[in-house]
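Here the protein sequences come in this chain order: A and B.
Per our numbering, residue 1145 is the first one in the first sequence, and the count goes up by one each step.
Per our numbering, residue 37 is the first one in the second sequence, and the count goes up by one each step.
No wet-lab data here; the hints were simulated from the structure.
Just so we're clear, the structure is a prediction, and the values are computed from it rather than from any experiment.
Just so you have them, the derived chain A footprint on chain B, three or more residues with Cβ under 8 Å:
| hint | stretch |
| --- | --- |
| 1 | 104-113 |
| 2 | 125-131 |
Below are the SDA-like pairs computed for lysine to any residue, each with C-alpha atoms no more than 20 Å apart in a straight line:
| hint | chain 1 | residue 1 | chain 2 | residue 2 |
| --- | --- | --- | --- | --- |
| 3 | A | K1274 | A | F1261 |
| 4 | B | K154 | A | W1365 |
| 5 | A | K1434 | B | F89 |
| 6 | B | K87 | A | S1429 |
| 7 | B | K87 | A | L1255 |
| 8 | A | K1291 | B | K125 |
| 9 | B | K87 | A | D1220 |
| 10 | B | K121 | A | N1326 |
| 11 | B | K87 | A | P1422 |
Listing some non-contacts, in silico: residues in chain A with all C-beta distances to chain B over 10 Å:
| hint | residue |
| --- | --- |
| 12 | I1231 |
| 13 | V1276 |
| 14 | L1347 |
| 15 | S1466 |
All C-beta atoms in this analysis are idealised placements derived from N, C-alpha and C, irrespective of residue type, glycine included.
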Amino acid sequence: MKDHNHILHNVDQDGIDRRGFLKCMAWAGTGVLWTVSGGVLVSKTLAQIAKAGGLPTATDLSFLQISDSHIGFSKDANKDVTETFRIALDRINAMRTPPSFLIHTGDITQLSRPEEFDTFDQLVKSCRTKDVFYVPGEHDVLNDGGKLYRDRYLKTVDAKGSGWYSFNKNGVHFVGLVNVLNLEAGGLGQLGDDQLQWLEADLKGLGADTPIVVFAHIPLWTVYPQWGWGTSDSERALGFLKRFGSVTVLNGHIHQVLQKVEGNITFHTAMSTAFPQPAPGTAPSPGPMKVPAEKLRSMLGLTSVQYKQGNTALAVVDSNLS
Amino acid sequence: MNIPTMITLTPKNRLAALLFGLISLNLLLVVRANEMAITSVITKENKIEIKDFMFNPPTITVKSGEKITWINRDEEPHTVVSVGKKFQKSSALDTDQQFTITAGAPGTYEYFCSVHPKMTGTIIVEK
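The shape of chain A in the complex, shown without the other chains (with noise of 0.2 Å):
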């Protein structure tokens, strides 16, 4: 058999190859149980991963990304999506080391009202972790093309455009990225123009060596294009992300866990905190999934990432709500 300990293709001379990157994924897997379904990797649950061994304890850097919570929706899905986002922020506070920091990947409200937003605020107030970095989902920008979401949620950012922006801690690079503005009749999210130039420029003095987190409300990878589930642009945004040794893109949009690794880019997609919904085609349609009450908050969850400076990839790592 042979060795493989070494770089076989080392395509953009950033001494990382495919292989190698698998490797350094296996330290983020500290505990994640990956497996292969249908060309995807699936993350299992911190309740798993505290089974196999718990997680890696000195980080340099660890945020916390939450999304999809909805607030507003009152179906037989979950009929109280208040509590089942404040249970989220219980499991923040009881963390033994809070994050330094929360992402919301988008759909903060259900139908854009203010006084969802203003429950969703409400809420937020409670968590211990006071830095919340958002983009819009498509709840979030319904009936006023997001101005009611930009008012309220860019307050700490220098936004540009529609709502993006980037910023950096610890060495990371992080990039928030609107694509749920603008869609065409027939399409899926996209990015436009204006977003990917910013997009470029905004990436072009970094370094291949710094490690860059990406996060925008629906996928920025083609899950399924039949129900939505895709950027029509995003292969342009991922273009400019290509010469960088370690890129995680986190999207919410499709309320379950799913990752894929591609070369150096790591893609995943969280659980909401309100409701999920089906997988990929295995239902009519992709609305709120109804599950057993017992089963609801099992299917509900947060998303943790941590980062150790000299290691390549960043550790995500799932936990669901029950």
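Please arrange chain B on chain A, whose structure you already have, making use of the hints.
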């Protein structure tokens, strides 16, 4: 309608009666036809149901001036937005909410849901 029944029909008045009868019948038919036309404009339901992230029927043919109503039967909000802004767009329709427009000039109108742009539909307006 009241038809005189106790008239003796002579050849002369038989013709008059026949003419009278024919005219009456015609009038009746015209009135009836008009009633039906008016009734159809008021009550003809051009309904499009939004269910399972689809517009049903996806293509609808209506006459100019008729109303078209969408009703959202999903738990997800949807919108009705004209491609090329040819008619007024709806606000986000929550479950069981409706949106009505009156069909304008004859032509083919494409529309979609701006929240889920994979959802598309067509309105064909005839004269």
